[in-house]
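There are 2 protein chains.
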Amino acid sequence: MTVEIISVGTELLLGNILNTNAQFLGEKCALLGLSMYNQTVVGDNRERLGDAVVTALGRSDIVILTGGLGPTEDDLTKETCAKAMGMELAEDRHTRERIKEYFKNNIYKEIPDNNWKQAMVPAGAIVLDNHNGTAPGLILEKDGKRAILLPGPPDEMIPLFTEQVEPYLQKLRPELIVSRMVKICGMGESQVEDKLLDLIDKQTNPTIATYAKTGEVHVRVTASAPTAEVADRLIRPVVKEIKKRMGTFVYSTKEEETLEMAVVRLLKKHELTAATAESCTGGLVAGRLVNVPGASEVFKEGFVTYSNKAKRKHLDVNKNTLKKYGAVSRETAKEMAIGGALATGSDLCVAITGLAGPDGGTEEKPVGLVYMACCFGEKVTVEKYQFKGNREKIREQSVVRALDLVRRTVLENKN
Amino acid sequence: MTVEIISVGTELLLGNILNTNAQFLGEKCALLGLSMYNQTVVGDNRERLGDAVVTALGRSDIVILTGGLGPTEDDLTKETCAKAMGMELAEDRHTRERIKEYFKNNIYKEIPDNNWKQAMVPAGAIVLDNHNGTAPGLILEKDGKRAILLPGPPDEMIPLFTEQVEPYLQKLRPELIVSRMVKICGMGESQVEDKLLDLIDKQTNPTIATYAKTGEVHVRVTASAPTAEVADRLIRPVVKEIKKRMGTFVYSTKEEETLEMAVVRLLKKHELTAATAESCTGGLVAGRLVNVPGASEVFKEGFVTYSNKAKRKHLDVNKNTLKKYGAVSRETAKEMAIGGALATGSDLCVAITGLAGPDGGTEEKPVGLVYMACCFGEKVTVEKYQFKGNREKIREQSVVRALDLVRRTVLENKN
Chain A
131 MTVEIISVGT ELLLGNILNT NAQFLGEKCA LLGLSMYNQT VVGDNRERLG
181 DAVVTALGRS DIVILTGGLG PTEDDLTKET CAKAMGMELA EDRHTRERIK
231 EYFKNNIYKE IPDNNWKQAM VPAGAIVLDN HNGTAPGLIL EKDGKRAILL
281 PGPPDEMIPL FTEQVEPYLQ KLRPELIVSR MVKICGMGES QVEDKLLDLI
331 DKQTNPTIAT YAKTGEVHVR VTASAPTAEV ADRLIRPVVK EIKKRMGTFV
381 YSTKEEETLE MAVVRLLKKH ELTAATAESC TGGLVAGRLV NVPGASEVFK
431 EGFVTYSNKA KRKHLDVNKN TLKKYGAVSR ETAKEMAIGG ALATGSDLCV
481 AITGLAGPDG GTEEKPVGLV YMACCFGEKV TVEKYQFKGN REKIREQSVV
531 RALDLVRRTV LENKN
Chain B
131 MTVEIISVGT ELLLGNILNT NAQFLGEKCA LLGLSMYNQT VVGDNRERLG
181 DAVVTALGRS DIVILTGGLG PTEDDLTKET CAKAMGMELA EDRHTRERIK
231 EYFKNNIYKE IPDNNWKQAM VPAGAIVLDN HNGTAPGLIL EKDGKRAILL
281 PGPPDEMIPL FTEQVEPYLQ KLRPELIVSR MVKICGMGES QVEDKLLDLI
331 DKQTNPTIAT YAKTGEVHVR VTASAPTAEV ADRLIRPVVK EIKKRMGTFV
381 YSTKEEETLE MAVVRLLKKH ELTAATAESC TGGLVAGRLV NVPGASEVFK
431 EGFVTYSNKA KRKHLDVNKN TLKKYGAVSR ETAKEMAIGG ALATGSDLCV
481 AITGLAGPDG GTEEKPVGLV YMACCFGEKV TVEKYQFKGN REKIREQSVV
531 RALDLVRRTV LENKN
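Chains as they are written, first to last, in the numbering used here: chain A, 131 to 545; chain B, 131 to 545.
The set of hints was computed from the structure by calculation and includes no laboratory data. There could be a bad hint or two in this list.
Repeated chains share a single entry, so a pair holds when one copy, or any two copies, can fit it.
As the list claims (entries may be wrong) - The list that follows gives simulated cross-link-like pairs (lysine-lysine, DSBU-like), each with its CA atoms no further than 35 Å apart:
{"id": "1", "residue 1": "523", "residue 2": "443"}
{"id": "2", "residue 1": "399", "residue 2": "332"}
{"id": "3", "residue 1": "399", "residue 2": "453"}
{"id": "4", "residue 1": "495", "residue 2": "449"}
Work out the full structure: start from the sequences and follow the hints.
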């Protein structure tokens, strides 16, 4: 079964906004086992949108459109699709009531006249209630073709898709598509592929796909099967084999679990607290930990010690260490971690010091050189990295590696 | 003159990567005064790519293609465009030499055979040297139509476009397009539009467009003129008028200057140092400041005090204040800022404490409630915000407002 996306909106053509909807829908449709060969972006123009809809319906079984469902004159998606599929518009009383309801709880006292336009739907269409806006989603079916119309704002589109369109599409397929993610940190994509090459090569069902993220690699194992149980039986041994080969580089097998969530989960499990002492990352490691709701149980405090003076004052780094080895050194990283653990009374402290550039690099200490240390009781692990890329890239990679260092430190000392 | 984009790559259709190239090119083309009506994404498939190229060349003057220029069998963009435009491929000796050179400085000892494919170019094409990879950019011209082929990785595509394609496109236009940005913080997009409504309504040349960013609004003023001087004469009074109406809400009129850059610039100008004391933002304000190369001159240190104990220990927040008013309160924010300035010896300290959720909200103190304070000498400004959205959104908005609070504090006390 083939699907394609039409993203409607002049603001997309002008580059005012990034088309995150297309990525979201692309990934979801792939997971549903639908084949996507085309994506199109068109502006708020009747003729060109009409052309795009006719072309798309001509070559694909399902066309998903986002955007152009608003109340203004510019919003043409519904009218254009109805025309292309030979359907008339009629008022949907249920939607009319919902719009009334929506505005009752809103700051506006009066309902703008043009909002009633949103209660008009193609006769026979399936109406999808939108809990985050006034434009309902719509599914138009005719002659084996389907047009699925969704509002453009991601915070309306995503819940509508996940809650109502996904189950609808799932039902169209004879087979169920189930997937599981293995998340890996500390290994490059080509290294991961090397280790999984024979598995990837012989894949048919389940399939294995790798995705490179900053400092991480995600491996998705996807199976197609008549029931969830059968799919699970197909997936489980493959996931097990991948985990065996990757060892402790695997930080999670949960789709929604981020690296910082895995770190917080692990700290909670072992009833440990962690602190941060950051120089070049300037608070971003702490920032990532605080991303996790409930992080307060394991993360109480951190230091951003960007200057040498601050490193001495708050982390008790020795003046001579800074003088002899420099701020970006194995020795300074180590003292920062020890000092941070002592100053906060935390079980662990991770410290990062490095040269993020663009200036300040030397032949001996080039831009991208980063030392990080993790202190846990008497033990201190120090690691040296030479990252590539600009200031932002170097810092991003440092943050990921620092979080992973905390994870590995807990694993090594608690298992 | 019309332009359209074809993004080539199955990984885009599958949602593995976000199509940031299309946004970049969309914005650039709009700035160049080119009209864009269509964007297409196709996979690495000869037939479908061929169809897309023929359709695009049929309806637009210029077609920009990204991706599919690599050395593998899957990379078909060059061959497909050459065929569509009736051009033969021939080896380009200059490119062959460049590939040799590229690999000389690389970790690989031998040049993979298939890389020589990248030296083949359509006869008569303009070859654009790629300094960040082996695939050259190409411009194919025939019968008044132009195909511009660029590699897919943004770190190759963007420099190629900016350095070589942009000047080429600029020359095609009889008029020069010049634009300037006015960057605003602390005011919503609709408020900004309200204040500029008469200017926006009567706009022809220059035009005025607003762009909403997290916590910021960017206003772009764009003029079309025969010379840069004339364009500047058209733009200058409009920018001046916008600045007058927006007052100190304007933090920059430089395209490339971010909010944190403006804050660091201002601190440097007045020879001031700033510190951070963060609770719910967990280090992200410090992280933004450290984004700026050379921030070390004005930012030396910061605290992440996520727990009450840490607030007391490092920032000397009074136990009774925390007990009586709670961690998320005007009083605590104030004491955090004062304590942070004292503990670091900085001229300023900004403090943030709030409820980012998803749990922990009450009727009296709902999720999204954030207090921030900025201490400057004897003066402390405290501000209360009620942000909307999820944990991430609340924290992002808090970070922007905290940076802006530092900016406004300096302005108020130093002008």
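These are the hints, each one checked on the structure:
Taking CA atoms no more than 35 Å apart as the test, residue 523 paired with residue 443 passes in both settings, with 29 Å inside one copy and 34 Å between copies. For a Cα distance limit of 35 Å, the shortest separation of residue 399 from residue 332 qualifies neither inside one copy, at 38 Å, nor across copies, at 63 Å. In the homo-oligomer, the alpha carbons of residue 399 and residue 453 lie at most 35 Å apart only across protomers (30 Å), although the nearest pairing inside one protomer, at 40 Å, exceeds that limit. In the homo-oligomer, the alpha carbons of residue 495 and residue 449 lie at most 35 Å apart inside one protomer (20 Å), although the nearest pairing across protomers, at 45 Å, exceeds that limit.
Figure legend: structure checked against the earlier numbered hints; the only hint not met is number 2.
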